[in-house]
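Each chain is listed here by its residues.
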Amino acid sequence: MLKNPYRLSDLLMTITVWFSAALVVGAFFWLLSDLALHGIAKLNWSCLVSAPENAGRDGGIGPILVSTLLILGVALLMTIPLGLGTAVYLSEYSSGALARSIRMSLDVLAGVPSIVFGLFGNALFCIWLGLGFSILSGGLTLACMMLPIFIRSTEAGLTAVATEWRHGAAALGLTQAAALWHVLLPAAAPAITAGLMLSIGRALAETAALIFTSGYVDRMPDSLSDSGRALSVHIYDLSMNVTGGDQSAYGAALVLIVLLVVINNVAASLADRFLSQRITTS
Amino acid sequence: MLARVTGGIALAVAVLLGLVLMLLVRESWPVLVGGGWTRFFVGDGWFPSSGQFNLLAMLWATLAASLGALLIAVPLGVLSAVFSRFYSPGWLIMPLRRVMVLLAGIPSVVYGLWGLTVLVPLIAGWEPPGASLLSAILILALMILPTIALTSEAALAAVATSNLQGAAALGLSRKGIVLGVALPAARVGILSGALLATMRTLGETMAVLMVAGNVVQTPASLFDPVRVLTANIALEMPYATGDHRAALFASGVLLMLIVTVLAWLAGCVGARSNA
Amino acid sequence: MSEVGDSQKIWGWILALCMAAGLNSAALADAQKLVLTGSSTIAPLALEIGKHFEKLNPGVRVDVQSGGSTRGVIDARVGLADVGMASRALKQEERDLIAHRIAMDGIGIILHQKNPVKSLNDDQIRAIYTGKITNWQQLGGEDRKITVVNKAEGRSTLELFLHHFLLKNPQIRAHVVIGDNQQGIKTVVGNVGAIGYVSIGTAEYEEAHGMPIHLLPMAGVPATVANVRAGRFPLSRPLNLLSKGTPTGLSKRFIEFAQSAAVDDLVTAQYFVPLAR
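Chains as they are written, first to last, in our numbering: chain H, 7 to 288; chain U, 209 to 483; chain D, 378 to 654.
None of these hints come from the bench; they were simulated from the model.
Each residue gets a CB set at the ideal place from its N, CA and C atoms; glycine is no exception.
There's no promise every hint is true.
Sample of chain H residues at the chain D side, in silico, Cβ under 8 Å [stated by the list, open to error]: (1) SER39; (2) ASP40; (3) ASN60; (4) GLY68; (5) VAL72; (6) PHE139; (7) ILE217; (8) PHE218; (9) TYR222; (10) PRO227; (11) SER233; (12) MET246; (13) ASN247; (14) VAL248; (15) THR249.
Quick list of in silico lysine-lysine cross-link-like pairs, DSS-like style, CA-CA up to 30 Å [said to hold, decoys possible]: (16) D:LYS432 <-> H:LYS48; (17) D:LYS428 <-> D:LYS495; (18) H:LYS48 <-> D:LYS428; (19) D:LYS410 <-> D:LYS468; (20) D:LYS621 <-> D:LYS495; (21) D:LYS621 <-> D:LYS468.
Generate the whole structure from the sequences, applying the supplied hints.
This is the structure we're talking about:
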């Protein structure tokens, strides 16, 4: 007797869920097909390796790709160790005053507009530390922006690992560090990977903060202390500032998306390999 | 020992944050001391060249845009996470996650460009000028969807399988498992994802600047053009000096205060649901 | 304790990295390097001029950073930049710097192609921008709401526009406020009832490439690059390089190069107006 209403509401739920997923995917394909339509004509192998000409309307994006990867590399090198350390501290010793204030301040940091980060990075790294407009300044500024996202999602993952896991590890006589390394981090792997991907996405997408830190120079960088234009800055300049740069902007946006897919795949598989194998092997 | 290492790292991160705060306060100091807080909330409006710095209209616009985007993106994002955990055929899960990650990585300027060339003209044909609160809400919703979907999915994934199996053994339907067991167990994770997304909507600059119309006024309808605080900073900072510049930094401080309150509220909710 | 040592090592390493980078950039400063900062409008042009200057002077590097005219003024004043860039004339209080004009840029009113209105006089434009006229019907067009597109506070095109039409910014009843030229063009393209003002070179290019916009003549003078160059068009602004005091050495050579006829092609390629010589 009760079966029918249950069935109906279950069906409604199923429809709603499918509809939502379809809507999200649909919006995505609308956006992506528009980008592809406008940008595909600009894409070929030589544009990936050659230098921009005529303010980016012609030529390629070779040096810009290199700068982008270097900036991202610097940012990740800072974010991952600092982020993991802080997240572990927050999840394992969450009751302390330091943890509470850090957690609060991370949330605050996540809400600072990116242009303010740009001005901050400019003041701290470019001027005060004397790094000037450079890939290093850009990467360090990005790291400051990525940390809140990465730490919060890693911490959420660690906190969600069920208490039984911890008790189990303790029962096995594992030290706290060993339990962390062999049990907690692997169990939190999906959240850490998700946080990493979000941070990378945020970093590759950042424009305002990089204009003031890694700068506008579109030459191939010789070292980390050279100014180098990031892909997103290039896209912004082409679409908003350079007359007749739209097509190149769409082309560069497509490259950025492909780059993101590649980097995410690499990052995800590395994180999976690093984090999840130890559950079984040890 | 672990406590010391991770504590040290955490402290370093805290110092970094302190530096950001210090910069903000130092830069906004002149106007805070010079005119007091009240000048941001009284007066005829935002006319920096004549020393009028009333931020209220932009504050309402910021809050309205964020709230609107959340109202659209949170249900959609959580539902699509539920989809990929509980409803999706197996082959669809990875492609869907890839789509989300891609969406998360598209630069805001591309969202803005797309909004300006596709979305705004669409709305303009319906009710000019097109650049409006509505277009800002839609673009923001699109931008935070992946954050909400990915963090919700991770939170749902972390719900212990035994709990779900227990629920299934009790004869609960799929809907019952999702609504009765999985979502409540994952609520802290979902909440922290939603919080991250809220920060993003409050802090987003370029995309909103391109689609919102940027007129300083309190929005009376969805079709009114509005200027949010971040867009104001980005539009005027490169040209601002003196008090004007300090006022822009002060609006950054205001934004941070809002986020702090939100984070505190979320902290309270999280603590209560943990207990 | 060993882990504490590790974390110290990491910080030491980071510090070393920073210092190495600092030394490195100090070393580079000895090489012939010229830093330009300022107006985002001029930045693409300066970048191209810089590339040609580098080709003519091997061993010289020209680094261009954008960030707005005001930034150009400040950086040139405190020495953060060797040469500043400003897409406007210097203000009274900025006369401690010397402006070197390298190109001109005209500002023209644009409407959507489908808008049948073909000319507006100054009074009509003033009435539109102050909200006294709100429908194209009142100007002989179709029954359509006017969308007024204005520039954000501080932009030099806004100041030029206000100055020419004897307006104050608080008087203007805008529906859309924009930052850059391209945003203005895209806004008008997407809205048949819109009116805006943008760089003439940009508008000519977009019109020629099929964007549905048209430029209006101003006080009877057609808005063309040729008219701006000849000085006949009423609304134009200089693109300036800024130096603190009389330029010397590399800055002097660069500024002279940027003012020479050799860069006319580059100026034209960026849709600005070369200097009349």
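These are the hints, each one checked on the structure:
1. SER39: violated (19 Å)
2. ASP40: It is violated, given that the least Cβ distance between H:ASP40 and chain D is near 14 Å, above 8 Å.
3. ASN60: Holds - the Cβ of H:ASN60 comes within 8 Å of chain D, reaching about 6 Å at its closest.
4. GLY68: H:GLY68 check fails; min Cβ-Cβ to chain D is 15 Å, beyond 8 Å.
5. VAL72: violated (16 Å)
6. PHE139: holds (6 Å)
7. ILE217: Holds. Min distance 7 Å.
8. PHE218: Holds, because the Cβ-Cβ distance from H:PHE218 to chain D comes to roughly 7 Å (cut-off 8 Å).
9. TYR222: With a closest approach of 5 Å, the H:TYR222 hint holds.
10. PRO227: violated (11 Å)
11. SER233: Where the cut-off is 8 Å and the nearest Cβ of chain D is about 6 Å from H:SER233, the hint holds.
12. MET246: holds (4 Å)
13. ASN247: Holds: closest Cβ of chain D sits about 6 Å from H:ASN247, inside 8 Å.
14. VAL248: holds (5 Å)
15. THR249: holds (4 Å)
16. D:LYS432 <-> H:LYS48: The hint holds at about 27 Å.
17. D:LYS428 <-> D:LYS495: Measuring from Cα to Cα gives roughly 41 Å; hence the hint is violated.
18. H:LYS48 <-> D:LYS428: holds (23 Å)
19. D:LYS410 <-> D:LYS468: Roughly 28 Å between the alpha carbons, so the hint for D:LYS410 and D:LYS468 holds.
20. D:LYS621 <-> D:LYS495: violated (45 Å)
21. D:LYS621 <-> D:LYS468: Given that 30 Å is the threshold and the Cα spacing comes to 15 Å, the pair holds.
This entry does not satisfy hints 1, 2, 4, 5, 10, 17 and 20, going by the numbered hints stated previously.
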